[in-house]
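Make the full structure from the sequences, and use the hints.
Each protein sequence line maps, in turn, to chains A and B.
At the far end of the first sequence sits residue 871, using the numbering used here, and the numbering has no gaps.
At the far end of the second sequence sits residue 871, using the numbering used here, and the numbering has no gaps.
Warning: the hint list may mix true and false statements.
Which copy? The list can't say, so a pair holds if one copy fits it or any two copies do.
[What the hints assert, rightly or not] With a cut-off of at most 27 Å between alpha-carbon atoms, the simulated DSS-like pairs for lysine-lysine come out as follows: (1) Lys821 to Lys748; (2) Lys480 to Lys804; (3) Lys695 to Lys811; (4) Lys606 to Lys804; (5) Lys542 to Lys830; (6) Lys804 to Lys823; (7) Lys823 to Lys606; (8) Lys642 to Lys811; (9) Lys830 to Lys695.
These aren't lab readings, by the way, just hints derived from the structure by calculation.
2 protein chains.
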Amino acid sequence: MGLETSMYNLTPPKHLTPHLLRFIVSELRPVRGARDFYPEDARLRSWLFSHFKEVSRTFAFEEYDAPIVESESIYTRKSGEEITDQIYNFEDKGGRRISLRPEMTPSLARLIIQKAPVLSFPLKWYSIPQCWRYERMTRGRKREHYQWNMDIIGVENTSAEVELLSAIISLFERVGLSKEDVGIRISNRKLLQELLSNMGTPENQFSEICVVLDKMHKLSKEDIFENLSQLGLSEDISSEIFDMLKIQDISTFEQKLGADSEAVSELKELFNLADSCSITEWLSFDASIVRGLSYYTGTVFEAFDKKQDFRAICGGGRYDKLLSSFNATDMPCCGFGFGDVVIMEILQERNLLPSLLQNTDDVVFFMEDSLREVAMKVSTILRKNGRSVDLIMKSKKVKKALKYANKIGASRLIMITPDEWEKESIRIKDMASGEESELLLSKL
Amino acid sequence: MGLETSMYNLTPPKHLTPHLLRFIVSELRPVRGARDFYPEDARLRSWLFSHFKEVSRTFAFEEYDAPIVESESIYTRKSGEEITDQIYNFEDKGGRRISLRPEMTPSLARLIIQKAPVLSFPLKWYSIPQCWRYERMTRGRKREHYQWNMDIIGVENTSAEVELLSAIISLFERVGLSKEDVGIRISNRKLLQELLSNMGTPENQFSEICVVLDKMHKLSKEDIFENLSQLGLSEDISSEIFDMLKIQDISTFEQKLGADSEAVSELKELFNLADSCSITEWLSFDASIVRGLSYYTGTVFEAFDKKQDFRAICGGGRYDKLLSSFNATDMPCCGFGFGDVVIMEILQERNLLPSLLQNTDDVVFFMEDSLREVAMKVSTILRKNGRSVDLIMKSKKVKKALKYANKIGASRLIMITPDEWEKESIRIKDMASGEESELLLSKL
Chain A
428 MGLETSMYNL TPPKHLTPHL LRFIVSELRP VRGARDFYPE DARLRSWLFS HFKEVSRTFA
488 FEEYDAPIVE SESIYTRKSG EEITDQIYNF EDKGGRRISL RPEMTPSLAR LIIQKAPVLS
548 FPLKWYSIPQ CWRYERMTRG RKREHYQWNM DIIGVENTSA EVELLSAIIS LFERVGLSKE
608 DVGIRISNRK LLQELLSNMG TPENQFSEIC VVLDKMHKLS KEDIFENLSQ LGLSEDISSE
668 IFDMLKIQDI STFEQKLGAD SEAVSELKEL FNLADSCSIT EWLSFDASIV RGLSYYTGTV
728 FEAFDKKQDF RAICGGGRYD KLLSSFNATD MPCCGFGFGD VVIMEILQER NLLPSLLQNT
788 DDVVFFMEDS LREVAMKVST ILRKNGRSVD LIMKSKKVKK ALKYANKIGA SRLIMITPDE
848 WEKESIRIKD MASGEESELL LSKL
Chain B
428 MGLETSMYNL TPPKHLTPHL LRFIVSELRP VRGARDFYPE DARLRSWLFS HFKEVSRTFA
488 FEEYDAPIVE SESIYTRKSG EEITDQIYNF EDKGGRRISL RPEMTPSLAR LIIQKAPVLS
548 FPLKWYSIPQ CWRYERMTRG RKREHYQWNM DIIGVENTSA EVELLSAIIS LFERVGLSKE
608 DVGIRISNRK LLQELLSNMG TPENQFSEIC VVLDKMHKLS KEDIFENLSQ LGLSEDISSE
668 IFDMLKIQDI STFEQKLGAD SEAVSELKEL FNLADSCSIT EWLSFDASIV RGLSYYTGTV
728 FEAFDKKQDF RAICGGGRYD KLLSSFNATD MPCCGFGFGD VVIMEILQER NLLPSLLQNT
788 DDVVFFMEDS LREVAMKVST ILRKNGRSVD LIMKSKKVKK ALKYANKIGA SRLIMITPDE
848 WEKESIRIKD MASGEESELL LSKL
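Right, here's the structure in full:
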């Protein structure tokens with residue numbers, strides 16, 4: 428019971444015929460870009476999720492969920508967003524356009540609008556949905572990932588953002604990452620918005636401009652400028668934006684945008700509140716953070732490993748205007764998505780992944796087939812006492828059973844042997860101390 | 428924070444415009460047959476899953492998982508199975524035929540074959556996958572459900588079946604169901620197989636005959652006979668099968684099939700071992716149980732509420748020949764699938780669903796905006812101590828905060844008030860006793 432090697436190290440088994448091998452490649456593989464979870468993978472996933480859940484619990488967020496399949500229409504926004512270009516979509520048998528969810532926020536919006544009149548705000552909700560996208564695969568990116576989402580609906584001041592940032596940092600601390608390993612870069616889209624407004628640029632294409640600017644590190648400056656000019660921005664304005672995105676301190680913006688800048692005051696408030704939560708050292712202001720989703724309206728942030736060897740660990744921000752895009756009344760919202768893939772890669776690289784065994788209390792085995800029923804009776808009693816019991820269902824020699832109990836890290840080996848059973852007794856070996864004792868079945 | 432009414436009792440909100448109402452119906456509903464999980468629904472789901480997981484743990488089963496999307500080809504078996512007729516399938520952008528999984532067993536088979544050479548058998552694995560089918564919806568049946576699966580791979584004797592049955596009964600006991608409420612009916616497909624063989628019927632269509640017979644309670648006798656005649660069975664043989672399926676005791680089969688009947692000896696062994704596990708009173712032999720999946724080869728079973736008001740709660744059996752249908756070497760396998768929908772309906776009907784609150788330790792609030800930072804500092808400290816802290820992010824009056832803390836069932840209310848804070852103190856109210864105390868922040 429248990430897996431000898433990890434799914435990541437699969438060597439082709441020798442006994443396979445060429446036919447079977449082809450079959451395995453084509454038919455027995457998971458669909459492209461998706462992961463199987465063998466027990467050792469599932470244990471690690473469960474370990475990570477338990478931290479997501481435990482952080483969510485300490486911040487008093489409630490779990491919610493929505494179907495993994497949604498109407499495609501909730502994802503179609505007018506923009507060049509990567510995520511909506513990569514929708515894993517289909518037509519169902521009834522001719523409806525549906526999609527595997529690429530992200531959770533539209534489902535969350537749907538749930539809120541559907542029941543807004545009977546919900547009591549603010550809401551603090553979390554979820555760990557699996558999300559899918561249809562795209563080329565690169566390091567740290569598959570076609571599916573799990574994404575821890577925390578969202579606060581109905582709080583307009585930046586204490587909401589700071590609660591979310593604190594939760595992310597709490598997760599980092601739990602899994603053993605320090606502020607030397609990772610950090611969160613923060614900006615506010617209103618900086619750009621105010622700047623554009625000062626330059627007399629119309630606001631209606633603001634979200635699309637942000638989506639273009641998010642690609643700054645991937646595309647050449649020429650391509651970005653070309654994209655911006657398609658959105659009506661002159662080269663001068665584009666240049667000014669480019670310079671602006673390099674600014675690393677809030678005070679420069681304060682001089683630029685004036686004392687009554689909303690963007691600046693929100694940022695200052697955020698860093699001030701972060702100080703009360705002792706998380707300031709994890710945070711930095713970085714005007715180049717804009718995020719690639721069109722719906723963000725204020726604070727935006729991304730967490731990175733400091734060596735920048737990996738993609739962003741998580742990202743989020745404020746999206747106060749999303750609900751009106753569904754024809755509902757807007758409410759202040761902010762949240763983040765935190766994928767399972769990048770964080771696990773970072774933890775693996777830093778040797779921070781735990782070695783997880785099966786967590787079995789007792790291995791029960793019998794030496795002769797005639798003792799099978801006794802072994803099943805013993806297992807039943809132990810399980811009723813709440814113990815985790817691994818019953819070996821074939822008669823075994825002591826040596827083999829001992830080796831197995833050792834391998835899976837069991838606490839005790841329960842031996843049903845002919846000699847002991849003659850006295851209606853069983854033999855119990857404590858695997859840590861090696862001590863053995865005999866116990867009457869009636870005393871179990 | 429939190430939901431006032433259940434998703435099952437949604438009354439149309441009054442402020443909605445006809446336009447928005449139409450929009451909600453068409454766009455803001457989950458896709459047909461799928462469920463949203465608002466926090467109170469998610470709490471119940473989590474409660475049920477924790478029982479699934481806890482039973483799996485006491486039986487030392489290891490968790491595994493596979494993608495919710497699989498190649499359609501792993502589900503296409505030659506038969507009239509309901510489940511394969513209702514596949515929720517699509518073509519992806521690369522022209523591949525894929526499907527949302529209708530059940531977990533083919534994925535399990537895929538995982539086993541893919542790594543058989545490096546796995547150490549027997550395996551005892553469990554999973555709680557969401558499964559989808561595209562079909563008309565009836566009571567207790569949606570287009571998706573979660574299905575607890577437990578499977579044992581590599582054990583040929585019936586102790587495997589008895590372990591599975593014990594696990595199911597352990598789940599029933601945990602959620603408060605007794606043997607007066609529910610029971611498991613058991614048969615063995617080899618009974619029918621031996622009977623058909625004695626009558627000289629060829630064996631190659633055996634699995635299809637079983638799939639037809641599983642519909643016995645849904646279709647008319649004439650329709651069943653018609654279907655069986657299409658599979659080459661004469662009316663005499665069909666009649667004999669019909670009579671046979673009514674037999675309720677193993678000894679009649681023993682007389683009919685002889686002392687060396689494998690079917691009879693397996694059934695006798697199963698009931699004998701069940702006795703060692705003290706579960707016999709939950710079980711009954713019932714020849715009419717055949718199951719609707721073609722891959723079962725031996726023991727088959729279904730759990731029902733005794734009043735028979737609901738669909739089957741769970742079903743399973745032995746499927747020793749599944750792996751060869753994927754061109755791999757067969758291995759003895761047995762398992763079951765246990766859905767979340769029917770069991771929850773039964774528990775609801777019997778008033779056995781728990782009232783679950785949010786499980787928050789402390790509600791922290793501040794009376795004036797100037798105390799926001801203090802409240803955030805206090806929350807940070809309490810969370811570092813492992814407490815679940817619900818920070819109210821707007822200044823509140825004591826009365827309102829108290830009402831809220833009461834509603835969500837918090838243990839304590841932490842009050843940040845101007846009077847106390849002048850002394851660098853906070854006020855703590857124990858919600859159960861009503862007692863209040865003052866504490867210096869430095870002592871927290």
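Task: Homo-oligomer pair classification [Lys695, Lys830; C-alpha up to 27 Å] - done: Neither. Shortest intra-copy (61 Å) and inter-copy (33 Å) distances fail the 27 Å Cα cut-off.
TODO: Up to 27 Å between alpha-carbons, please classify Lys695 paired with Lys811: within, between, both or neither.
DONE: between (58 Å within a copy, 25 Å between copies)
TODO: Indicate which option fits the pair Lys823, Lys606 if close means a Cα-Cα distance not exceeding 27 Å: within, between, both or neither.
DONE: neither (52 Å within a copy, 34 Å between copies)
Task: Status of Lys811 relative to Lys642 across identical chains (alpha carbons, at most 27 Å) - done: neither (58 Å within a copy, 38 Å between copies)
Open item on the list: With identical chains, the pair Lys821 and Lys748 could be close in the same copy or across copies; at 27 Å between alpha carbons, which is it: within, between, both, or neither?
Closed with: So Lys821 and Lys748 pass the 27 Å test across copies only (21 Å; inside, 63 Å).
- [ ] Have a look at Lys606 and Lys804 and pick one of within, between, both or neither, based on CA distance no larger than 27 Å.
- [x] between (53 Å within a copy, 19 Å between copies)
Open item on the list: Treating 27 Å as the Cα threshold, decide for Lys804 and Lys823: within, between, both or neither.
Closed with: Cα proximity of Lys804 and Lys823: one copy only (17 Å, versus 59 Å across).
Open item on the list: Cα distance capped at 27 Å. Does Lys480 pair with Lys804 within a copy, between copies, both, or neither?
Closed with: between (37 Å within a copy, 22 Å between copies)
- [ ] State whether the alpha carbon distance between Lys542 and Lys830 is at most 27 Å within one copy, between copies, both, or neither.
- [x] between (57 Å within a copy, 22 Å between copies)
Hint compliance for this structure: hints 7, 8 and 9 are not met, and every other hint is.
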